[in-house]
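Chemist: Make a model of the complete structure from these sequences and hints.
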Amino acid sequence: MSSSTLAEWAQSQITKLFETQSEDNTGVQEAHFTTTFSPTAHITMNHESISLADFQKRISELGAHGLVKSGSVEWKNVLEDRETGIFAGFFVLTRSMAFKIRAGPAQNHTFVTVSARIEQDGDKKRIVDLVYTSATKAAPVHIHGV
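Going by UniProt numbering, the first residue of the sequence shown is number 1, and it counts up by one from there.
Only true hints are included.
Using 30 Å as the maximum straight-line C-alpha spacing, the simulated DSS-like pairs for lysine-lysine come out as follows:
| hint | residue 1 | residue 2 |
| --- | --- | --- |
| 1 | Lys125 | Lys76 |
| 2 | Lys124 | Lys57 |
| 3 | Lys137 | Lys57 |
| 4 | Lys57 | Lys16 |
| 5 | Lys137 | Lys16 |
| 6 | Lys57 | Lys76 |
| 7 | Lys124 | Lys76 |
| 8 | Lys16 | Lys125 |
| 9 | Lys137 | Lys76 |
| 10 | Lys16 | Lys76 |
| 11 | Lys124 | Lys16 |
| 12 | Lys57 | Lys125 |
Pairwise CB distance ranges, derived in the manner of DEER restraints:
| hint | residue 1 | residue 2 | range |
| --- | --- | --- | --- |
| 13 | Ser134 | Ala53 | 14 to 22 Å |
| 14 | Thr136 | Thr5 | 27 to 35 Å |
| 15 | Ala135 | Ser4 | 24 to 32 Å |
| 16 | Thr35 | Ser115 | 14 to 22 Å |
| 17 | Lys137 | Ser4 | 28 to 36 Å |
| 18 | His32 | Gln120 | 12 to 20 Å |
| 19 | Gly122 | Lys76 | 27 to 35 Å |
| 20 | Asn77 | Glu119 | 19 to 27 Å |
| 21 | Gly122 | Glu48 | 28 to 36 Å |
Calculated from the structure, these hints are not laboratory results. Here a beta-carbon is modelled for each residue, glycine too, at the ideal position from N, C-alpha and C.
Modeler: Here's what the structure looks like:
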């Protein structure tokens, strides 16, 4: 039996997808996708069925072109059903850009709901089905000293 719960594993794996986004980490992120997802995983992103390769490309593009300085994931709610291998959760991805707006950091928030079916073979887990729905909103600009 695995030492981590389904929810702990899924949260950790999904968080790594977004917190390792940089051009220097391309190989790391690709290896992470390989260990996290089944090669035949069924992916639905914003109500569109896409391939795992397209999902990886879209996630990678979120931090592309050197515009994103850092990203952080804050999980708000998660649940799991160990019997069926179902994990669901909601998180906020905050990305800080490499540029500033009126002397404050430019940020945006992506609100994400995920639902995944995870197959487990001993300690090895892989996502075989993922539904990912997101919406992005610019963070409010805080002008200090005004």
